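Quick mapping for you: the protein sequence lines, in order, are chains A and B.
Those letters in the first sequence? Residues 720 to 820, by the numbering used here.
Those letters in the second sequence? Residues 46 to 526, by the numbering used here.
Simulated from the structure, these hints should not be mistaken for laboratory data.
Accuracy of the hints is not assured; some may be wrong.
[Unchecked claim] Quick list of the computed label-pair ranges, beta carbon to beta carbon:
| # | chain 1 | residue 1 | chain 2 | residue 2 | range |
| --- | --- | --- | --- | --- | --- |
| 1 | B | Thr290 | A | Ser755 | 33 to 41 Å |
| 2 | A | Arg759 | B | His468 | 42 to 50 Å |
| 3 | A | Asp781 | B | Arg508 | 42 to 50 Å |
| 4 | A | Ser755 | B | Val464 | 38 to 46 Å |
| 5 | B | Gln500 | A | Ser755 | 27 to 35 Å |
| 6 | B | Glu270 | A | Arg759 | 41 to 49 Å |
| 7 | A | Asp781 | B | Arg97 | 22 to 30 Å |
| 8 | A | Ser755 | B | Tyr66 | 47 to 55 Å |
| 9 | B | Lys168 | A | Thr772 | 38 to 46 Å |
Quick caveat: nothing in here was measured; it's all calculated off a predicted structure.
Ideal Cβ positions, reconstructed from N, Cα and C, are used throughout, including at glycine.
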Amino acid sequence: LRIGIKYCGGCNPEYDRVALVRHIKEKLKGSAASFSYDTREADLVVAVQGCGTACADLSGLDPQKIRILTDPEQAQKLVQEISRLVDEDNPEGERPEAQGA
Amino acid sequence: MTMMTAQQYEESLRHLNLEVYMFGKRVENVVDDPVIRPSMKAVAKTYELAHRPEYEDIMTATSHITGRRINRFTHIHQSTEDLVKKSKMGRLLGRETGCCFQRCVGMDALNALSIVTFNMDKKYGTEYYPRFLEYLQYVQENDLTCDGAMTDPKGDRGLPPHKQPDPDQYVHVVEERADGIVVRGAKAHQTGAVNSHEIIVMPTLSMREEDMDYAISFALPSDAEGILYIMGRQSCDTRKMEGDTIDTGNLLFGGHEALVILDDVFVPWDRVFMYKEYDFTGELVERFAAYHRQSYACKVGVGDVLIGAAQTAAEYNGIERASHIKDKIVEMNHLNETLYCGCIACAAEGKREPSGTYNVNTLLANVHKHNVTRFPYEISRLAQDIAGGLMVTMPSAQDLRSPETGKWMKKYFKANPDVPTEHRMRILRLIENITLGTAAVGYLTESMHGAGSPQAQRIMISRRVNLQEKQRAAKKLCGIE
Numbered sequence: 720l721r722i723g724i725k726y727c728g729g730c731n732p733e734y735d736r737v738a739l740v741r742h743i744k745e746k747l748k749g750s751a752a753s754f755s756y757d758t759r760e761a762d763l764v765v766a767v768q769g770c771g772t773a774c775a776d777l778s779g780l781d782p783q784k785i786r787i788l789t790d791p792e793q794a795q796k797l798v799q800e801i802s803r804l805v806d807e808d809n810p811e812g813e814r815p816e817a818q819g820a
Numbered sequence: 046m047t048m049m050t051a052q053q054y055e056e057s058l059r060h061l062n063l064e065v066y067m068f069g070k071r072v073e074n075v076v077d078d079p080v081i082r083p084s085m086k087a088v089a090k091t092y093e094l095a096h097r098p099e100y101e102d103i104m105t106a107t108s109h110i111t112g113r114r115i116n117r118f119t120h121i122h123q124s125t126e127d128l129v130k131k132s133k134m135g136r137l138l139g140r141e142t143g144c145c146f147q148r149c150v151g152m153d154a155l156n157a158l159s160i161v162t163f164n165m166d167k168k169y170g171t172e173y174y175p176r177f178l179e180y181l182q183y184v185q186e187n188d189l190t191c192d193g194a195m196t197d198p199k200g201d202r203g204l205p206p207h208k209q210p211d212p213d214q215y216v217h218v219v220e221e222r223a224d225g226i227v228v229r230g231a232k233a234h235q236t237g238a239v240n241s242h243e244i245i246v247m248p249t250l251s252m253r254e255e256d257m258d259y260a261i262s263f264a265l266p267s268d269a270e271g272i273l274y275i276m277g278r279q280s281c282d283t284r285k286m287e288g289d290t291i292d293t294g295n296l297l298f299g300g301h302e303a304l305v306i307l308d309d310v311f312v313p314w315d316r317v318f319m320y321k322e323y324d325f326t327g328e329l330v331e332r333f334a335a336y337h338r339q340s341y342a343c344k345v346g347v348g349d350v351l352i353g354a355a356q357t358a359a360e361y362n363g364i365e366r367a368s369h370i371k372d373k374i375v376e377m378n379h380l381n382e383t384l385y386c387g388c389i390a391c392a393a394e395g396k397r398e399p400s401g402t403y404n405v406n407t408l409l410a411n412v413h414k415h416n417v418t419r420f421p422y423e424i425s426r427l428a429q430d431i432a433g434g435l436m437v438t439m440p441s442a443q444d445l446r447s448p449e450t451g452k453w454m455k456k457y458f459k460a461n462p463d464v465p466t467e468h469r470m471r472i473l474r475l476i477e478n479i480t481l482g483t484a485a486v487g488y489l490t491e492s493m494h495g496a497g498s499p500q501a502q503r504i505m506i507s508r509r510v511n512l513q514e515k516q517r518a519a520k521k522l523c524g525i526e
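Could you build all of it, start to finish, from the sequences and the hints given here?
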């Protein structure tokens, strides 16, 4: 599963956005999820918004593929969804190393 | 190349042959000079962040002329979203550097010229706008830092340019040739001038027909023959030459200003954007000023740093739980976020000009900048109140390092037992740096006079506000009409 990371610009973030992405990657370590900052070919785009204003430019992206984070507490639900999608993608249970950005 | 890295930017400056003077001597190596270098690093931050995924949404934009990804500092605003992102970029960089990062002024000059050159062509059938677009593409493709040079020395303030006893008090044309013009004069207070690749010169005030020779705008490479720079002094500037970093307060970044002298400099026609169209000088000044007044969004970011420093100093002093300290921190935040409201509002209420460029709401931009002439002073006062007198009576870093005196400083300047004395010194020096050291040039006096002194904003507010509408509303409600 190719996951694109799209950050907002970080003008005045209410939490550490980079640390949150690191945390999500850690939780998905060993799964078949790969991460990239290239959102064009992604199966799922995680928009990491530093606050509720959520101003990251998501134009040109398929709204169905976008998952917006505005709070670290939303991360767990996202990790669960990605794990489920990975399982659906890999019914045989393959677990290649997570890679990418 | 479309976007330079910080390293490429630094390297590009090494190729410039600038004539820079400081402390009465020619500066042979501008990039590595310890007094100037922190200011170069602040500009370099504008390049670095554009390459980081967590900032690129603010720091970059899509060029409306090439469709390529460019650094936002070379962008012409195409929407109110662009204007809002410009304000947010100012806060971000102010917070990341704790000082003036110098690159906004060139962006504001480019945007103002994109409007005015178009309007001049429309009235006079000139070809300034296509000429400007060609220059803009050069700036965007090479990701250049531009100095927007507006403020002339002005001589006798009671006299217009053509009546000055010394005609060079305002930049003017002294010779017209087939291939260009020769200009003479100076621009004062030029922020980031020696960190710039280009100098974009604009007239400093609205002019009449008699001042036609002064109604000129053009761009020059910063190392063009005949340009020289005399660096401005800053309070505590020589601390940067002492080696130990504690006493500089901000270890990494700083700003600078310079007097830029144009001693008979040749400008080819393809770099001239206004030539004697005196009736457009007022518009160019007004457009640039409005954009630049919005740019004082950066002070919100520096305010973030100062509030963070004040809270930390309170904790290091062991007073963070006192109710009056908490209240002062709230007040600082209230003032700082009020500033933020202004720079966001003038952007969100911006509008499209005939050239397609989006301009800020002029009234709100002036209100914002007028707040900036006041609030940083109050935020600074509160920060100094919280910091305590030690901020200005503390011995030097060398005394802390000395075996004879260091032990006494560690003993008697200890407050919170969990905090090393050196940390307490560092945070107090940072507050000193922003409120009365080198960074106070940017955070305080530049907040007062940069982009126009307070009276300039009051004049614009009086011009832009709709007083009759307010009177109509009042009279209606009390039965006069």
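Verification of the supplied hints:
Between B/Thr290 and A/Ser755, the C-beta spacing of about 38 Å keeps the proposed range 33 to 41 Å intact. Judged by the Cβ atoms, the range 42 to 50 Å given for A/Arg759 and B/His468 holds: they are separated by roughly 46 Å. With their beta carbons about 48 Å apart, A/Asp781 and B/Arg508 fall inside the hinted range of 42 to 50 Å. Between A/Ser755 and B/Val464 the CB atoms are about 42 Å apart, so this pair conforms to the stated range of 38 to 46 Å.
Evaluation of the 27 to 35 Å hint for B/Gln500 and A/Ser755 yields a failure: the beta carbon distance comes to about 53 Å. Separation of B/Glu270 from A/Arg759 is about 47 Å and conforms to the stated range, judged on CB atoms against 41 to 49 Å. Our hint of 22 to 30 Å for A/Asp781 and B/Arg97 holds, since their Cβ atoms are close to 25 Å apart. Between A/Ser755 and B/Tyr66 the C-beta distance comes to about 50 Å, which sits within the given range of 47 to 55 Å.
Here the CB-CB span from B/Lys168 to A/Thr772 is close to 41 Å, well matched to the stated 38 to 46 Å.
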